[in-house]
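Read off the chains here:
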Amino acid sequence: MSVLPYLLASWLLVIGLYGIVSSRNLIHLTVCVSVCQSATYVLLLAIGYKEHGTAPVFADVPTSRRTVDPVVQSLTLTDIVVAVAVSALLLSLALKAHDHHGSLDPAEMADLQG
Amino acid sequence: MIPLQSVALLFVAAGGLAVVLARDIVRQAILFSIYGFALVVLFLVFQAPDVALSALVVSGIAYPLVLVAAIARVREQQRRERK
Amino acid sequence: MTRTMRLALFGVSVAGFAALLVWGVADLPPFGHYPGPYGDVIVKLSVPQRHMANAVTAVVFDYRGFDTMGEELLLFAAAASVALLLRERREHEVEDIVEPVRSDAISAVGVLAAIVTLVVGLDVVAHGFITPGGGFQGGVILAASVIFLFLCVDYRRYAKVGASTHTEPIEAFGAGGYVALGIAALATGLGFLQNFAELGVPGRLSSGGSAILVNWCSALAVSGGFLVIFGEYLQENMAERHGRRKLG
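Protein sequence lines, in the order shown, are assigned to chains A, B and C.
For the first sequence, the residue numbers in this note's numbering are 11 to 124.
For the second sequence, the residue numbers in this note's numbering are 15 to 97.
For the third sequence, the residue numbers in this note's numbering are 9 to 256.
The set of hints was computed from the structure by calculation and includes no laboratory data.
As the structure is a prediction and not an experimental result, all values here were calculated from the model.
We treat Cβ as the ideally placed atom computed from N, Cα and C, and that holds for glycine.
Be aware that one or more of the hints could be misleading.
[Claimed, not checked] Calculated pairs, SDA-like style, for lysine to any residue (alpha carbon to alpha carbon, straight line, at most 20 angstroms): (1) C:Lys52 / A:Lys106; (2) B:Lys97 / A:His111; (3) C:Lys168 / C:Tyr46; (4) A:Lys60 / A:Lys106; (5) A:Lys60 / C:Ala34; (6) A:Lys60 / C:Pro43; (7) A:Lys106 / B:Leu18; (8) A:Lys60 / A:Asn35; (9) C:Lys52 / A:Thr73; (10) A:Lys60 / B:Leu18; (11) A:Lys60 / A:Met11; (12) A:Lys60 / C:Tyr46; (13) C:Lys168 / C:Ser153; (14) C:Lys52 / C:Thr139; (15) A:Lys106 / B:Glu90; (16) C:Lys52 / A:Thr64.
[Stated by the list, open to error] Some but not every residue of chain A turned toward chain C, in silico, with C-beta under 8 angstroms: (17) Asn35; (18) Ala56; (19) Ile57; (20) Lys60; (21) Glu61; (22) Pro66; (23) Val67; (24) Thr73; (25) Thr77; (26) Val81; (27) Gln83; (28) Ser84; (29) Thr88; (30) Leu99; (31) Ala117; (32) Met119.
[Claimed, not checked] According to the in silico footprint, chain C covers these stretches of chain B (three or more CB under 8 angstroms from chain C): (33) 70–76; (34) 86–94.
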């Protein structure tokens with residue numbers, strides 16, 4: 011079962027993709043994109059985990075203690091905050107599309123077809 | 015891998031599926047917040063408190079605000095057009 | 009292409025994609041056996057070399073400050089794009105047509121919560137190099153403290169504090185200050201974004217050197233960015249309810 015976190019990341023990516031393809035609402039689609047992004051967070055943190063390791067904060071723990079990898083954590087934490095802003099941008103695009111076509115359904119946006 | 019991690023992984027998998035399968039967008043916004051909290055627990059169990067704090071503030075504050083504001087704007091416009 | 013055809017095509021292709029994914033992750037080192045050298049090196053060096061107790065914040069703002077600058081400019085660009093997309097419909101004076109919260113108790117608790125959240129946010133940002141925290145997490149909390157005014161009082165109070173004439177300079181100062189600190193490091197003869205100040209004692213609030221300024225700049229940029237984005241969405245709602253639509 012040592013490959014379970016990586017399988018979870020793949021599962022989240024695949025169902026996020028399913029949500030994007032089968033979506034009937036652009037806002038639902040944006041949330042499914044965020045689910046795909048969370049798959050990458052799980053994968054990054056799973057790679058950095060060390061058995062019996064603790065958090066890489068040495069305020070109360072001696073520096074000789076075994077910790078998990080801090081580099082992947084730094085990548086993930088900035089990414090989480092920035093992903094919200096990008097989702098807000100996607101939502102404003104959805105609002106503009108709604109203005110233009112009167113509905114949030116991708117299938118009803120004839121301009122996008124063909 | 016300790017059992018707590020397996021349970022957290024299961025909750026995240028179930029939460030992700032629930033978020034994708036939710037068709038009503040308000041329901042999906044709430045489910046997405048809950049999924050965010052499941053991710054926070056997973057990040058804590060993976061010994062990543064910084065990432066857990068970041069995911070907590072984002073899925074508790076930032077995402078619900080932005081999603082609900084967008085949904086309110088769309089609902090208002092649909093209500094206006096129906097008149 | 010009909011919906012069922014599209015879903016069937018997706019089903020076939022995602023089966024192949026999932027097979028590739030599983031084949032790829034099966035070759036990764038088993039969970040819990042982290043092999044790579046970089047994590048171990050940074051954990052050994054974070055306290056003696058940089059005097060920072062939180063290795064993750066040391067990586068974010070000091071060792072890999074250039075990547076964080078890229079992320080922050082990404083946030084800045086996203087906020088600017090939201091403002092660009094959503095701004096054309098707004099009037100100059102948006103009147104307060106959302107009903108204010110009627111209960112005085114909720115308003116009082118809301119203002120109290122805003123103040124407490126502001127202090128907690130400042131605490132999280134300041135302790136970034138000692139405990140889990142830092143500019144990114146604290147910036148969102150600082151933005152939330154202003155949004156409490158909208159949620160618990162009324163729009164006019166929020167607009168006085170969170171108007172775009174206040175939030176946009178905050179965000180611009182944060183993002184530009186980050187780059188300016190990098191250039192300041194160049195001016196003192198070091199590399200771009202290199203730590204150029206006295207590093208201090210690890211575990212104290214004063215530890216971190218010039219990365220403290222970088223921390224605060226990113227907190228300003230993140231909180232300003234979120235307030236700009238939320239302000240734009242609110243203006244959309246206000247303009248919508250007031251009925252001033254640009255036709256066409």
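A:Lys60 and B:Leu18: Cα distance at most 20 angstroms? holds, 15 angstroms
For the pair supplied as a hint, C:Lys52 and A:Thr73, confirm whether the alpha-carbon distance does not exceed 20 angstroms. holds, 7 angstroms
Below or equal to 20 angstroms on CA atoms is what counts here, so check A:Lys106 against B:Leu18. violated, 44 angstroms
Check, residue by residue, whether the segment 86–94 of chain B contains three or more positions whose beta-carbon lies closer than 8 angstroms to a beta-carbon of chain C, and give the verdict. holds (count 5)
Given the hint that A:Lys60 pairs with C:Ala34, does the C-alpha gap stay at or below 20 angstroms? holds, 18 angstroms
Any CB of chain C closer than 8 angstroms to the CB of A:Ala117? holds, 7 angstroms
Taking 20 angstroms as the top limit, are the C-alpha atoms of C:Lys52 and A:Thr64 close enough? Distance of about 14 angstroms is within 20 angstroms: holds.
For a C-alpha distance cap of 20 angstroms, please report whether A:Lys60 and C:Pro43 respect it. holds, 9 angstroms
Report holds or violated for the interface hint on A:Thr73, using the least CB-CB distance to chain C and a cut-off of 8 angstroms. OK, holds: A:Thr73 within 8 angstroms of chain C, min 5 angstroms.
Closest C-beta approach of A:Lys60 to chain C relative to 8 angstroms, hint status: The hint holds - A:Lys60 has a Cβ within 8 angstroms of chain C, the shortest such distance being about 5 angstroms.
Should the hint that A:Leu99 touches chain C count as held when the rule is a Cβ pair under 8 angstroms? Check passed: Cβ of A:Leu99 comes within 5 angstroms of chain C, closer than 8 angstroms.
Has the given pair, A:Lys60 with C:Tyr46, been kept, meaning a C-alpha gap of at most 20 angstroms? Holds - the C-alpha atoms of C:Tyr46 and A:Lys60 are around 13 angstroms apart, at most 20 angstroms.
Taken one by one, the earlier hints fail for this structure at numbers 1, 3, 4, 7, 8, 17 and 32, listed in ascending order.
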